[in-house]
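Novice: Each chain, letter by letter, is given below.
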Amino acid sequence: GNSVTQMEGPVTLSEEAFLTINCTYTATGYPSLFWYVQYPGEGLQLLLKATKADDKGSNKGFEATYRKETTSFHLEKGSVQVSDSAVYFCALSDNAGDDKIIFGKGTRLHILP
Amino acid sequence: EAEVAQSPRYKITEKSQAVAFWCDPISGHATLYWYRQILGQGPELLVQFQDESVVDDSQLPKDRFSAERLKGVDSTLKIQPAELGDSAMYLCASSLRETQYFGPGTRLLVL
Chain A
1 GNSVTQMEGP
11 VTLSEEAFLT
21 INCTYTATGY
31 PSLFWYVQYP
41 GEGLQLLLKA
51 TKADDKGSNK
61 GFEATYRKET
71 TSFHLEKGSV
81 QVSDSAVYFC
91 ALSDNAGDDK
101 IIFGKGTRLH
111 ILP
Chain B
114 EAEVAQSPRY
124 KITEKSQAVA
134 FWCDPISGHA
144 TLYWYRQILG
154 QGPELLVQFQ
164 DESVVDDSQL
174 PKDRFSAERL
184 KGVDSTLKIQ
194 PAELGDSAMY
204 LCASSLRETQ
214 YFGPGTRLLV
224 L
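Heads up: the sequence lines are chains A and B, in that order. Sequential numbering of the first sequence, starting at 1, is according to my numbering. Sequential numbering of the second sequence, starting at 114, is according to my numbering.
Derived by calculation from the structure, the hints in this document are not laboratory data. Don't be surprised by glycine CBs; every beta carbon is placed ideally from N, CA and C. Possibly wrong hints are sitting among the right ones.
Reference excerpt, derived from the structure (chain A facing chain B, CB under 7 Å, subset only) [stated by the list, open to error]:
1. 43
2. 44
3. 100
4. 103
5. 104
6. 105
7. 106
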């Protein structure tokens with residue numbers, strides 16, 4: 001079945017450091033890929049998405065590229081801020097988000113000032 | 114900006130009691146989802162509605178869980194009787210096309 005594997009946390013970085021959170025997936029067909037973020041005490045928010053191979057999703061300085069050849073969708077940001085501290089979930093869907101979403105276990109990110 | 118509403122935000126109950134959670138999706142969103150998120154894990158789908166019809170409830174423990182969306186708008190998720198292992202965050206989401214929008218969740222603690 002479809003599944004998502006992401007790097008375990010917590011990840012602790014200093015402000016302005018470069019961030020990478022690795023995510024790989026297993027799926028039949030051509031899933032859509034997502035990164036969701038969950039700030040403390042809040043629900044999940046869509047951070048970015050990509051619906052086909054080689055697409056790059058971007059938002060708030062975060063980027064991720066849909067790599068079919070390596071079945072990966074790694075999240076990157078060039079300079080993190082304290083306000084980026086949250087839990088990040090990689091996810092996939094078989095039908096561009098209108099079908100159930102399969103989430104990874106989440107990666108907790110701590111940014112130190 | 115329209116949001117998915119959920120209530121209550123927090124619920125503490127004793128095992129064997131009944132609990133119910135309510136969700137009001139974004140207006141016009143035909144698809145509604147209930148997810149369960151155990152601490153330290155990603156959310157897992159419990160049930161998906163398209164309007165008032167259940168599309169997928171394959172992961173819903175039907176011996177104790179039930180969900181309804183009678184008029185195709187708001188929805189209720191019920192657990193009866195609650196068990197210790199049901200302690201989790203229950204998330205509701207709705208979608209119109211490609212993007213699912215999540216509510217703030219109901220955190221359930223079963224004692």
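Novice: Next step is simple, just say for each hint if it's right about the structure.
Specialist: Cross-check of the supplied hints:
1. At a threshold of 7 Å, the smallest CB-CB gap from residue 43 of chain A to chain B is about 4 Å, leaving the interface hint in force.
2. Of the supplied interface hints, the one on residue 44 of chain A holds, with its beta-carbon coming within about 4 Å of a beta-carbon of chain B, less than 7 Å.
3. For residue 100 of chain A, the interface hint holds, since its Cβ comes within 7 Å of a Cβ in chain B; the closest pair sits about 4 Å apart.
4. Among the interface hints, the one on residue 103 of chain A holds; its C-beta lies about 3 Å from the nearest C-beta in chain B, closer than the 7 Å criterion.
5. The interface hint given for residue 104 of chain A is met, as the beta carbon of that residue sits about 5 Å from the closest beta carbon of chain B, less than 7 Å.
6. For residue 105 of chain A, the interface hint holds, the least distance from its beta-carbon to any beta-carbon of chain B being 5 Å, beneath 7 Å.
7. Annotation: interface hint on residue 106 of chain A holds; nearest CB of chain B at approximately 5 Å, less than 7 Å.
Checked against the numbered hints above, the structure breaks none of them.
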